[in-house]
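A.B. asks: Keeping the supplied structure of chain A fixed, place chain B upon it in accordance with the hints.
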Amino acid sequence: MTDFPLIFERSVSGRRGYGLPEPDVPARPLEELVPHHALRQRPPALPEVSELEVVRHYTRLSHRNYSIDEGFYPLGSCTMKYNPKLHEEAGRLPGFSRLHPYTPEELVQGALQLLWELGEELRELAGMDAVSLQPAAGAHGELVGLLVVRAYFASRGERRSKVLVPDSAHGTNPATAAMVGYEVVTVPSDPRGNLDLRALKQHLDHHTAALMLTNPNTLGLFEEHVDRIAERVHAVGAQMYLDGANFNAMVGITRPGDQGFDVMHMNLHKTFSTPHGGGGPGAGVVAVKAHLEPFLPVPVVVREADRYRLDFDRPQSVGRVRAFYGNFANLVRAYAYLRTLGADGLRAVAEHAVLHANYLRVRLAPYYDVPYDRICKHEFVASGARQKKRDGVTTRDIAKRLLDYGFHAPTVYFPLIVEEALMVEPTETESLQTLDAFVEAMIAIDRECREDPERVRTAPHTTPVGRLDEVRAARHPDLRWKPGP
Amino acid sequence: MRYIPTTPEERRRMLEVIGVRSVEDLFADVPQSVRLGRPLRLRPVLSDPEVLRYLGGLAERNAHADRLACFVGAGAYDHFVPPAVWQLAGRGEFLTAYTPYQAEVMQGELQATYEYQTMVCELLGMEVANASMYDGASALGEAAVMARDLTGRDRVVVSQAVHPEYRQVLRTYTEPLGIQVVERRHEGGITPADPRAVDTRTAAVVVQHPNFFGCLEDVRGWAEVAHRVGALLVVACSDPLAFGLLEPPGALGADIVAAEGQPLGNPLNFGGPYLGIIATRNKFVRRMPGRLVGATVDRYGRRGFVLTLQTREQHIRREKATSNICTNEALNALAAAVYLSLLGPQGVRQVAELCLRKAHYLKAQVAQLEGVGVLFAAPTFHEFVVRTPRPAAALVRAVAREGFLAGLPLGRFYRGMQNALLVCVTETRTRDEIDRFVEALARASRRGRAAVGGRR
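These protein sequence lines map, in sequence, to chains A and B. Residues are numbered in our numbering as their position in the first sequence, beginning at 1, plus a constant of 1444. Residues are numbered in our numbering as their position in the second sequence, beginning at 1, plus a constant of 945.
Bound conformation, chain B alone:
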């Protein structure tokens, strides 16, 4: 049998040692009434080359980012991933290891995680980061619960310019605990800081920066508003590379950052696995969810690393744990550490600057297009919202035929925004692609108007 090395002769020997006649005897404790009295009804077995061919066929039926020039972001970003990242992270020694429970033989994983925690703190301007969460959205859910635990209050104010899927997850995580989520409307693509949004029942204010529309929020203003009433400021972020160039949340007053780490060296993967980042201030560390790696010494006084502060965690504290998380996204965190090591401080700044400049190059051209425009005036990073002359979903389909993944139609998440398209430009898009994309947008927009006119 594939992947089972035991020969019939060895099987016989083992049964003899155990003292039973057949493998069947080893299942004598399974009541007959619950046995499956027939073979499983599964698809036919395939040989190794057949499996690869079959899956390759399915893969080929997807319009991936090597086939369509990707102008969509919205929580998943087509940044360049240096080949070294996965050639290292994909090494069997990292890939096929378990959680580092036996620290002495897992110094590789543990040290890399310690380095990762440090790099995340540096990039976000925070004091402590954990070893990873599932993704940005679930990290935000956990951040809200953490804020509740820290403040003893049960109200969370969240901007509607936070990623809609993150807000949905926030509701899923908070609702069973009786935490009330109050949404704050955006005005012109941003959420102006407003003391009337909070009171002494508020556990946390949640804003995303840069926000879902790509706009820069007044994070400092919100920090003041939240702190004045004793609430925490939670900053969500879907692309931490922005902080290669922008002032990081820690410097703007964030108490907790919940971010998506996919952009740090992880593939698009049709949505997962990604990398949940949670970072906070030292004084809050004991209410933090998830694993933490700490430095210590061995019996000879040499530096080494272990999982630490585990009394927060489920395997020790059970129902009183800060979270139920066990398996996390360690390998994606390792990839992020390798990625950030390769880039260094200049590299992350350069990537961020390239994204910003290219996005603004596109933005300036879109602003000139007839019938098309930029919806919000607020400053943006590498994403912005395009006003389209016809439903954005139709435009996306039309432009896809010309080789572009045009963006995310916002009508799906925001009422009244059928004619709005969220676009993104990363460092991987060339000027030529941007120019051709603008032409394709223009053509699709004209066709759309003609079609509408025709029906009249």
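So that you can see chain A by itself, here it is in the shape it has in the complex:
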């Protein structure tokens, strides 16, 4: 078999894929307009291809991709739910997609109203007092959240030095704390999968700026003592940060603000159904309690009578975290989702996300270890430890074999505290028949582990390429195509 060509390898000198206008203004010599030394000496080696070739190339590449539109995507912590087509249409309305961010405020009232209304809905969902719609992603939201916390302490003349992060946390949590100049202290989980209260007490003191908690945590378990945790954190004057990646499990049932959180981010590309785009763009809205509002990034959308405006005049703000006002087109999609579902619909989302996850957990438990085997929320963590010990097959192998069965694999080797972790999140948009088919595939793979482990170890077998050599990729980085001699 031959390699699938790169677009560069389809290039033929002189071919065109565009129809640009001829210049309609006087043709002055270029050197009159730009000094000669500023002009490009060598053209970029971009491909020279016809439009049809471009269309075929990227259409064929799309066939070499796995998406929600194609099948089940039980990636834990990623909330791969259906991305409604309606939202795509809404997000691409010319009044939004063709709108320049520097259009005068009085001429963008529709866009500002949308942002304001979305903010109001999200405030209510979070049980918080104010929002910033600016962050481009969850990790960007974390950055904003911790900057806000830092500015809050600075305004009180305090400099706190550390942030507490559970050992089950997403890697973005400690990475964010470091970006904001905090020392990271890891707090262990207890045998029930909750944050270890005794360890928390040990580390909590007046140098603690915040506890970054994910709830439900990355084991898919609700932090049963969240109210007591909040009490202890607040007792030393520290702030409660919620990593809202798992917000899908609790919308309409319990609100982070009511759980004692002071600041949170929510991933609109998870809970609120905006598409992941193969890795982005997302949107990571930050919501805060009133005492943190003055520190939110600029600008903030405000309403005055029936006018909307962008407020830049916020002297205590942490500043700007990006250009312009946020991943607006995604905010449009998320707003369409909220309005389509409404209060009852959103509560049903959480209920069914949790129902589906528990159904899968119970059905898989006879075949795979489930280390924290109690009622889970929207996801649970199974383990391939049994198969590894018994058959010498790893979780990675099982994940790869699932691809042959036409499913995306769960999140693997995360959270770090579970050996051979397989983190499964079905979401509310999958049908019972899909869940059953997934269970059957997992059972079949368990059988293969016993009867034909080599078949699993060498998987996948039916995908466009076989198992890829990641070690070689890292040892001999080849990060771009190079034109031949």
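Do not take every clue at face value.
Computed beta-carbon distance windows for the label pairs [to be verified]:
1. B:G1318 with A:G1601: 48 to 54 Å
2. A:E1748 with B:R1130: 35 to 41 Å
3. A:L1464 with B:Q1032: 50 to 56 Å
4. A:E1748 with B:E1005: 21 to 27 Å
5. B:G1318 with A:D1573: 47 to 53 Å
6. B:R1173 with A:S1494: 43 to 49 Å
Please keep in mind that the hints were generated in silico from the structure rather than gathered at the bench. A virtual CB, placed ideally from N, CA and C, is assigned to each residue, including glycine.
C.D. replies: Below, chain B without anything else, positioned relative to chain A:
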């Protein structure tokens, strides 16, 4: 319920398998004290057609670029986006995929990203580009932190002719890490290279090229200045299409480029999502933030692509990662790859040349207008600063009534520049639009002067 396929009967069966009586039992671990004991107070639910009608109504209340001829750029550009770009990038197979963690079923995304990385390197004249950052401004913030890590120094010199919002973001990203940002004044719209600006504490010099005012900077001069003291040169850029025609930053001595990729096939979108570009030299790749796609082989020896050098990243390195970035702007990067494939080397040159020629056509006419003029004499690409006889903000409002989005009033960002307007001309503006825009500017300027005279 909308988007939930589970029927009441299936729900009952699942509960039975789980061994609980009701869905309520599945939430027994949520303490009563933190439950929401009432329905959410949200706006009323709308049906599908009602949502579209409602959002369509909001969209209609915006003066978008199909309604006003767009003469504003300043970090967001109204370039022509060939329909093929989003008909391909918008395909569900790309749109609804996650980050390519399972490489064997994500060769489409991975290969397209590898192609994108290559195209960005080619356009910017750099050796390595990552899979994307959030936007140009945050890419610049990360570039400064990267320069600090690479040099072990904590001072960054930045030209005031760098986009003001990029500079604000730069400060937000650097301040908590104790990096000192020193601003360098522009003189006549450019930042003359000056060895006195740097010393051996300088981690990086940051200039934008073409700069915020549209002027061409002495990038080579700054590279020499920075390199002589062991500092890095970071070049910011808000429209990489300029390098279809202009010598790219890599050829001018840039060590890191932080650019906005929106102009490469992405819609204006009222400011986002856009595309953050970061590119650097091979020797700096291990301090680079964000995802990287690399080529490798599968077990049969066939070429394939994977996410690589991940030990830089948060999910492996946690607090020692080069950045906290996880979700990026992959779909916008894909759109950029399709766009650059369609244009090719001749296309990007042609777009750049059209922008340049049309902008200079406007510039020449503005220079002739009574009471109006071109503020800076330095050579420009597709943007320049117009000196206006009355506050530029008022002029923009007046000209908007005639169907033009006139530009960005600079008083908002620069003290003493109330009467300065940053305008932009892309290939999408026609000569006719430019001529009518000049007339509208002239009328609005005359009215302004008359009004001022009247008050006296």
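A.B. asks: Determine which of the earlier numbered hints do not hold for this structure and return their numbers in increasing order.
C.D. replies: 3
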